[in-house]
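In the order they appear, the protein sequences are chains S and D. Note that our numbering has the first sequence beginning at 1, numbered continuously upward. Note that our numbering has the second sequence beginning at 1001, numbered continuously upward.
Everything labelled a hint here was simulated from the structure, so no lab data went into it. Take these hints with a grain of salt, some might be off.
Here are the simulated distance ranges between beta carbons [to be verified]:
1. H1164/D / D93/S: 38 to 46 Å
2. S131/S / D1275/D: 46 to 54 Å
3. T1025/D / D93/S: 53 to 61 Å
4. P112/S / L1091/D: 56 to 64 Å
5. K270/S / S1339/D: 52 to 60 Å
6. D93/S / K1312/D: 54 to 62 Å
7. E161/S / L1077/D: 26 to 34 Å
8. Q81/S / V1157/D: 31 to 39 Å
9. S284/S / V1314/D: 51 to 59 Å
10. E276/S / M1078/D: 37 to 45 Å
11. G1031/D / A299/S: 51 to 59 Å
12. S87/S / S1194/D: 18 to 26 Å
13. R1340/D / V301/S: 55 to 63 Å
Note that beta-carbon positions come from the ideal geometry of N, C-alpha and C, so glycine has one too.
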Amino acid sequence: MTERLPSAAAPVVSVEDLTIRFTGERTVHAVNNVSLSLGQGEVLGLLGESGSGKSVTMRALMRLLPRKKAQISGRVSVAGQDVLALSDTALSDFRGKVVSMIFQEPALALDPVYTIGDQIAESVMRHEGKSRTEGMARALEMLDLVRIPSAKRRLAAYPHEMSGGMRQRAMIALALACKPKVLLADEPTTALDATVQIQILLLLRELQREMGMSVIFVTHDIGVAIEICDRVAVMYAGQIVETGSLADIVRRPIHPYPRGLLAATVHGAKRGARLETIPGTPPSLDVAPVNCSFSPRCASVQPRCREALPPRIDLGPGRFSRCILAEQSVPEPA
Amino acid sequence: MTTPLEPIADIGGAAQPLLDVKGLTKHFPIGGGLFAEKKIVRAVDDVSFQVGKGETVGIVGESGCGKSTTARLLMHLMERNSGEILFDGQLVGATFSLRELRRGMQMVFQDSYASLNPRLTIEDSIAFGPKVHGISDKAARELARDLLTKVGLRPEVFANRYPHEVSGGQRQRVNIARALALKPRLVILDEAVSALDKSVEAQVLNLLTDLKRDLGLTYLFISHDLNVVRYISDRVLVMYLGQVVELGPVDAVYDGPAHPYTRALLAAMPAMDPDERTMTPPISGDPPNPIDPPSGCRFHTRCPFAEEVCSKVVPALSPVDESGHLAACHQVIPGSGHSRAPVLEAA
């Protein structure tokens, strides 16, 4: 029994060489050789712009991608289970119990024809074999936990009867009802107003700490990542171009893409002064990358960037960069 | 023989505001079916402000605060219930036509794709307006290509493409070019950079700054992003549930917010510093529904300083200092009856 449990040091989520290609009328190389790991109780931010492959990576962790159109290769292991090899039955046990996900738009993710209480109770009944009464009791407990006012009354509410912030709280309650080991949060605050967004971020931070959950938090907003993440992986054109602790990425980024992204923030920019920009636009993903995907936009580009894929350069525990500039920053072996 | 489009003439001189909005109000009736009770959404309620020539005025607020409805009312895209909109001192009506107004005032929307005709090439989309205004096809196409260059898109590459063939940032540049095709004096930017990725957003903001300087434009910049508004605006308007709660020079408002809502909004901005994370939410709850908004000050249901007077009396926009900084809060109105209000000087 014990040998099947991952050791304390082993990551809860480990992804190796994940490559996802969508086929159909045209081919999209959405995710290219992504490797990442998530430790117990850690919050990892997946930061990137639209089309960088962050949501696709998350969906692969739950096997939510369409089977016929998505070709997935690589290894995905969550809490010791090989996710890509799970059978359909094992998969429905896995979703919600081991890994849960919350989405950007709770109005679309919740079922409009069932009450909030019913939806939470159903999940508890399905995964823990509890009765409906017990399920409803858990639902009430969860709504209290996510601080929905007059929770008892809200059990009988339908999603459309709630405001955006309340719906996102209900979505979190549903996702956490079976105490999953891993929570995948896909831009959960992007659709919310500023004063509501910060409330939800603080709630997630608190719940994560209390429940000791591991979280992957997808966002395009550096400010949001700073509020919640311990570690950050920056994605560009379907690859992780740099990863490290939050402070490393925010204060000492090496790859020109996160560097440019941080410089391009309007925060603190002087009015009238020109903003630093990254010229150009992200590449189309019609072909698999053969060289550095960022090289057409990079100010520090060198000939070898265009000749081959940039190597992964390890810069210390949990920190690497896929840029030749990192070669100068490699620490001396002790 | 067609003449190239001339910018419409300045009438009142530099001192006259380009846009003068007085008591703008828009109510949407909803429901009122056979059994349903009739309700009114007070989307914009008695909003007044001015935009000076060459100025950039920002409007910030959360969803449902009425900022986009305000923009649509200004463009005369929907009928207002009451209030006046003066463009360079003129009211749309007898002497000043809607057609002239639309030449003087153009708008860029958030959704760059939805706001372009998918069946027209980029060049055709930009040339469409000038042609309607009597420019020859050839001249309009030349103008379109010229504008594409101005917004940083090479005409030989982009002119004959369709909207779906370019990226979001490029499409928003096309929308900006189209808005400029009639040589407007005022451009309303309604969340124009909100849907763009950050690296592209900075490019478009730089473009807007350049165009404003080169073409002598005036901007009304609507956004929910406080950082962007601070960066681009000279003055800012904060809206809450259909009303202006604070208004003033951008630094005065950001450095010394007088309305508790503005303070909460500013405090809700992510910290951008890993060592200074937000520890407590500045206010709780969601903005109330603009259907049947709270009485008195509409913010009193979420305000930590609310007192009896706040739920009874609607606070007027009142001066905070001499700089033109105004706030609609009983705490700044002398003698309002709020315990934190300045005491009225005895006469």
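Hints versus structure:
At roughly 42 Å, the beta carbons of H1164/D and D93/S sit within the given window of 38 to 46 Å. One distance hint, 46 to 54 Å for the beta-carbon pair S131/S and D1275/D, holds here, with the actual separation near 48 Å. Checked against the hint of 53 to 61 Å, the pair T1025/D and D93/S passes, with Cβ atoms roughly 57 Å apart. Hint check: P112/S to L1091/D, Cβ distance near 46 Å, so the stated range 56 to 64 Å is violated.
Checked against the hint of 52 to 60 Å, the C-beta distance between K270/S and S1339/D comes to roughly 39 Å, which is inconsistent with it. D93/S and K1312/D have their C-beta atoms about 58 Å apart, which keeps the hinted 54 to 62 Å range intact. Look at E161/S against L1077/D: about 31 Å separates their beta carbons, and that is inside 26 to 34 Å. Against the hinted window of 31 to 39 Å, the Cβ-Cβ separation of Q81/S and V1157/D comes to about 49 Å, which falls outside the hint.
At about 54 Å, the beta-carbon gap between S284/S and V1314/D stays in the expected band of 51 to 59 Å. The hinted range of 37 to 45 Å is satisfied by E276/S and M1078/D, whose Cβ atoms lie roughly 39 Å apart. Range check, G1031/D to A299/S: Cβ separation about 57 Å, and the 51 to 59 Å hint holds. With their beta carbons about 43 Å apart, S87/S and S1194/D fall outside the hinted range of 18 to 26 Å.
The hinted range of 55 to 63 Å is satisfied by R1340/D and V301/S, whose Cβ atoms lie roughly 58 Å apart.
Going through the hint list in order, the structure does not satisfy hints 4, 5, 8, 12.
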